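Following the hints, position chain B against chain V.
Listed here are the chains, written in short residue letters.
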Amino acid sequence: MPENIVADTSFFVCYESDLKKRTCLLNFMNIYTFHIGEKIRRELPLSLANCKEFCSLVKDREEPFIELVKPLISRSERHKNDGEYEAIGIAYHLNEHYSLKYLIIDEKVAHNFTYTHFPTLQGKLTRSIGFVKKSCMEDKIISHNMALHIFNCMKRRFEEYSKENKGRPCSIDGKVYSNILIPSMKEIEVDRNNGRL
Amino acid sequence: MMDDKKDDARQKGLENLVLLVLGAKDDELSVLHLEKEVFLLWNFHPAIREYISYIKHYKGPYSADIQKIIHHPFYLDNCWKYTPPARTDNLSGGFVELTEKGRNEYQRIYRAISKTESVKPLLTGIKMVRELYDKLSLEELLLIIYDTYPEYKEHSTVSRDIEVKKEYLAKRMRTKGIIDDQRFNELVMR
Numbered sequence: 001m002p003e004n005i006v007a008d009t010s011f012f013v014c015y016e017s018d019l020k021k022r023t024c025l026l027n028f029m030n031i032y033t034f035h036i037g038e039k040i041r042r043e044l045p046l047s048l049a050n051c052k053e054f055c056s057l058v059k060d061r062e063e064p065f066i067e068l069v070k071p072l073i074s075r076s077e078r079h080k081n082d083g084e085y086e087a088i089g090i091a092y093h094l095n096e097h098y099s100l101k102y103l104i105i106d107e108k109v110a111h112n113f114t115y116t117h118f119p120t121l122q123g124k125l126t127r128s129i130g131f132v133k134k135s136c137m138e139d140k141i142i143s144h145n146m147a148l149h150i151f152n153c154m155k156r157r158f159e160e161y162s163k164e165n166k167g168r169p170c171s172i173d174g175k176v177y178s179n180i181l182i183p184s185m186k187e188i189e190v191d192r193n194n195g196r197l
Numbered sequence: 198m199m200d201d202k203k204d205d206a207r208q209k210g211l212e213n214l215v216l217l218v219l220g221a222k223d224d225e226l227s228v229l230h231l232e233k234e235v236f237l238l239w240n241f242h243p244a245i246r247e248y249i250s251y252i253k254h255y256k257g258p259y260s261a262d263i264q265k266i267i268h269h270p271f272y273l274d275n276c277w278k279y280t281p282p283a284r285t286d287n288l289s290g291g292f293v294e295l296t297e298k299g300r301n302e303y304q305r306i307y308r309a310i311s312k313t314e315s316v317k318p319l320l321t322g323i324k325m326v327r328e329l330y331d332k333l334s335l336e337e338l339l340l341i342i343y344d345t346y347p348e349y350k351e352h353s354t355v356s357r358d359i360e361v362k363k364e365y366l367a368k369r370m371r372t373k374g375i376i377d378d379q380r381f382n383e384l385v386m387r
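Just so you know, the sequences run in chain order V and B.
In this text, residue positions in the first sequence follow my numbering: the first is 1, and each later residue adds one.
In this text, residue positions in the second sequence follow my numbering: the first is 198, and each later residue adds one.
By construction, these hints were calculated from the structure, which means they are not laboratory data.
There may be inaccurate statements among the hints.
[As the list claims (entries may be wrong)] Each computed DSS-like pair below joins lysine-lysine, with the alpha-carbon atoms no more than 27 Å apart: (1) V/Lys108 to B/Lys363; (2) B/Lys222 to V/Lys101; (3) B/Lys350 to V/Lys101; (4) B/Lys222 to B/Lys202; (5) V/Lys101 to B/Lys317; (6) B/Lys373 to V/Lys70; (7) V/Lys70 to B/Lys253; (8) V/Lys186 to V/Lys21; (9) B/Lys298 to B/Lys265; (10) V/Lys70 to B/Lys368; (11) V/Lys108 to B/Lys332; (12) V/Lys21 to V/Lys70; (13) V/Lys108 to V/Lys134; (14) V/Lys108 to B/Lys368; (15) B/Lys373 to V/Lys175; (16) V/Lys140 to V/Lys163; (17) B/Lys363 to V/Lys155; (18) B/Lys362 to B/Lys298; (19) V/Lys59 to B/Lys312; (20) B/Lys350 to V/Lys108; (21) B/Lys253 to B/Lys363; (22) V/Lys70 to B/Lys222; (23) B/Lys298 to V/Lys70; (24) B/Lys324 to V/Lys101; (25) B/Lys373 to B/Lys350; (26) V/Lys21 to V/Lys108; (27) V/Lys186 to V/Lys140; (28) V/Lys70 to B/Lys324.
[What the hints assert, rightly or not] Per the computed footprint, the stretches of chain B lying under chain V, defined by three or more beta-carbons under 8 Å from a beta-carbon of chain V, are: (29) 232–241; (30) 260–270; (31) 274–281; (32) 336–348.
[To be verified] Simulated DEER-style distance windows between Cβ atoms: (33) B/Ile252 to V/His149: 58 to 66 Å; (34) V/Ile182 to B/Lys368: 55 to 63 Å; (35) V/Asn27 to B/Lys368: 42 to 50 Å; (36) V/Gly130 to B/Lys312: 29 to 37 Å; (37) V/Asn152 to B/Glu247: 51 to 59 Å.
Quick caveat, the model's predicted, so the values are computed rather than measured.
Where is the CB? At the ideal position from N, CA and C, for every residue including glycine.
Chain B extracted, bound-state conformation:
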């Protein structure tokens, strides 16, 4: 009984978290971006660790919970739409965006929780990660995640491809003003 209650709260919390991340911006988000952005929040906010776990994977930190929630939500049914990746796309994992029902639900939940002092830092964190990382391409995102959290990297063809392209990707990020010269050098030299 006790465990059921805990599982329900965990499921609900995780679905709400996914909804809050997706609703923080209007654009659709790749599953890869969603997973890595939630991972950064997982490192930032201790409360999130209660809802989700990450393991090392060939695409960096991986969460089976997020995959499950995207495809089979329990509480927030029809709140987001999943579009599978193109046949040639082996990185994104597909794309997710909120439906109209999801946007209404986002507004409702945001209004309800945004007055609570302890939740405000998490809401700020969600906006920050979307503002910072949405603009990175899939490969750019993988490069900086592999570099920052090498302990979550499982060697594979994907990581080898990124390794081969790292100078090109780092240069592109520097040109776009996403990283500075020093970070560029670190990414290329490692």
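The following block holds chain V by itself, in its conformation from the complex:
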């Protein structure tokens, strides 16, 4: 049975807009079942939201769990449409009544919010880079070469964006690049070579 995943908008934007690797995203979506709510759907790049294959694979959910966290989160204009909290609610629901494999949240505040408030989600919580690593090394669902390919694309894109001061592709900043991305690439390489450096 396919395993359920909930991811924030940044995960989809990463593959569609930052890396321009929709095939990698669809590959994941053929293996795991991804669930999204209305807010996240509205935040998706149009090219992806209109993609027939994407629409046939993704599971749309309508429950407005965000209403329940509203008093605790910022309601400034800038954050009004953030889908992270919608994703957290859907993940909590799946975890309670069905099953949840991963909740992928890159945004720091929402990631910490989940960790603080929902102990039952702590073990499922990951980020875009962590997800690729788990999918390869724990679930053994994607090959080492594919994981390295994705990481290399992230690395290249981060280096380009840094030079041009263009922002954070796939939510990667300097810290994530040096402390998470590069070590993860090394771990995958070591694992591929059966522990040999």
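Below, chain B alone, put in the same frame as chain V:
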């Protein structure tokens, strides 16, 4: 005849809802928490609006239905125990917890309804609100409810007291990791 049936269903539905909220965690719950947590569920799940109504009040959204059910249940007699507030406590409204009979009834009802797809989101919502809001003190809970739903606030000494203490309360919530810096600023600046 028709109205009697409707009233019975409403009464039964509301008592079951209170039982489900109380049973979602083992700890006792203040009446204030119960009332506000059900209010959040009322905003979240359209079916609940059939069972209950809220009006504006000096302690934020208020439901006479909940007060009535806690003190005089019709179907679920002896399923919960009410403890009145201490003399110095003018916020909690007292405390409620399930009795052994109530816990058995909770298990029975939960088992019966949790397989129904349309009920699952409500059950998730109940667990979420208890997980999120039980840990707030009475004053912290009032601060965020006043701030989020100002239209339900009737000005009173209670709301003035909370207003005076808002920076202290918001700081405490930020220290406990309940809210982030941005929410802190919103609560303090308003």
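Hint check:
no.	hint	in the structure
1	V/Lys108 to B/Lys363	26 Å, holds
2	B/Lys222 to V/Lys101	25 Å, holds
3	B/Lys350 to V/Lys101	41 Å, violated
4	B/Lys222 to B/Lys202	31 Å, violated
5	V/Lys101 to B/Lys317	19 Å, holds
6	B/Lys373 to V/Lys70	18 Å, holds
7	V/Lys70 to B/Lys253	19 Å, holds
8	V/Lys186 to V/Lys21	22 Å, holds
9	B/Lys298 to B/Lys265	20 Å, holds
10	V/Lys70 to B/Lys368	18 Å, holds
11	V/Lys108 to B/Lys332	22 Å, holds
12	V/Lys21 to V/Lys70	34 Å, violated
13	V/Lys108 to V/Lys134	20 Å, holds
14	V/Lys108 to B/Lys368	20 Å, holds
15	B/Lys373 to V/Lys175	26 Å, holds
16	V/Lys140 to V/Lys163	35 Å, violated
17	B/Lys363 to V/Lys155	45 Å, violated
18	B/Lys362 to B/Lys298	40 Å, violated
19	V/Lys59 to B/Lys312	20 Å, holds
20	B/Lys350 to V/Lys108	33 Å, violated
21	B/Lys253 to B/Lys363	20 Å, holds
22	V/Lys70 to B/Lys222	22 Å, holds
23	B/Lys298 to V/Lys70	34 Å, violated
24	B/Lys324 to V/Lys101	20 Å, holds
25	B/Lys373 to B/Lys350	26 Å, holds
26	V/Lys21 to V/Lys108	24 Å, holds
27	V/Lys186 to V/Lys140	17 Å, holds
28	V/Lys70 to B/Lys324	16 Å, holds
29	232–241	holds (count 4)
30	260–270	violated (count 0)
31	274–281	violated (count 0)
32	336–348	holds (count 4)
33	B/Ile252 to V/His149: 58 to 66 Å	60 Å, holds
34	V/Ile182 to B/Lys368: 55 to 63 Å	38 Å, violated
35	V/Asn27 to B/Lys368: 42 to 50 Å	47 Å, holds
36	V/Gly130 to B/Lys312: 29 to 37 Å	34 Å, holds
37	V/Asn152 to B/Glu247: 51 to 59 Å	56 Å, holds
Checked against the numbered hints above, the structure breaks hints 3, 4, 12, 16, 17, 18, 20, 23, 30, 31, 34 and satisfies the rest.
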